[in-house]
Amino acid sequence: MKQHIFPILFGFLVLLTWQFSVSFFHIEQWILPSPIQIIDSFWQSRSLIFFHLVPTIFEASIGLIGAIFISIFIAILMERSQVMKKIIYPFLIISQTIPFIILAPLLTLWFGFGLLPKIIIIALVCFFPITINLFDGFQGVDPSILRLLNSMGANQKQIFRLVKWPASLPAFFSGLRIAAAYSILGAVVSEWMGADRGLGILLIRSTKSYLTDRVFAVIGI
1 MKQHIFPILF GFLVLLTWQF SVSFFHIEQW ILPSPIQIID SFWQSRSLIF
51 FHLVPTIFEA SIGLIGAIFI SIFIAILMER SQVMKKIIYP FLIISQTIPF
101 IILAPLLTLW FGFGLLPKII IIALVCFFPI TINLFDGFQG VDPSILRLLN
151 SMGANQKQIF RLVKWPASLP AFFSGLRIAA AYSILGAVVS EWMGADRGLG
201 ILLIRSTKSY LTDRVFAVIG I
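Under UniProt numbering, the residue at position 128 of the sequence shown is numbered 128, and the numbers go up by one with no gaps.
Hints listed in this document are in silico derivations from the structure and should not be mistaken for laboratory results. This structure is a prediction, so every number in the text was calculated from the model and none was measured. All residues carry an ideal CB built from backbone N, CA and C; glycine is no exception. Honestly, I wouldn't trust all of these hints.
Said to hold, decoys possible - Pair ranges (Cβ atoms, derived): (1) Leu162 / Leu77: 13 to 21 Å; (2) Gln158 / Phe12: 15 to 23 Å; (3) Leu162 / Arg205: 17 to 25 Å; (4) Ile88 / Phe12: 42 to 50 Å; (5) Ile70 / Leu162: 21 to 29 Å; (6) Lys208 / Leu77: 26 to 34 Å; (7) Ser174 / Lys208: 36 to 44 Å; (8) Phe10 / Gln158: 23 to 31 Å.
The whole structure should be built from the sequences, with the hints applied where relevant.
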């Protein structure tokens, strides 16, 4: 509990300073709303926000699940074959230098404005941290344990199932936590390609209407 006190106090201090600054300098609501105005906007628009939240969560969940399966397959492939590792690993790194939003027009052209291009964008955003963390988990197994199992006649499948996979789970879930946060971001960005529901669409509409308090309320979710 003690480790959470200082972050909570710091967050409260930031909000208090924010509220005071907006009130003291008479900043217009459409430029920078106060925390109280944002909370009030969230309460007033809660039905609308949750209406748009549902499809975003659905898209993010499907994309994340797809990224998990892709990541597990790639990580196992690299772990089992040094040749595949040398081929795939550089492309994994290069993939992170590409802003995936620039792929949106192409995906829309190829697959239309439906769910599929959104899922692809989300999966592309999410797969990297899971893949890298899982592969590092495989590589982090104590070599002495592997030598012991080899001396006992264990084959590679048994070593993977009994040692490498269980040992990699903490790293896998660490990557999954990062990817879960990315999935919402990917879903919101993917909705900018074209959608009639979703937090991305709500953000665009609120921004165009100068409803900055609602924009902050959506971001705060």
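The hints, checked one at a time:
no. : hint                        : verdict
1   : Leu162 / Leu77: 13 to 21 Å  : 20 Å, holds
2   : Gln158 / Phe12: 15 to 23 Å  : 53 Å, violated
3   : Leu162 / Arg205: 17 to 25 Å : 53 Å, violated
4   : Ile88 / Phe12: 42 to 50 Å   : 46 Å, holds
5   : Ile70 / Leu162: 21 to 29 Å  : 25 Å, holds
6   : Lys208 / Leu77: 26 to 34 Å  : 45 Å, violated
7   : Ser174 / Lys208: 36 to 44 Å : 38 Å, holds
8   : Phe10 / Gln158: 23 to 31 Å  : 49 Å, violated
Going down the numbered hints, you'll see the structure goes against 2, 3, 6, 8, while the others check out.
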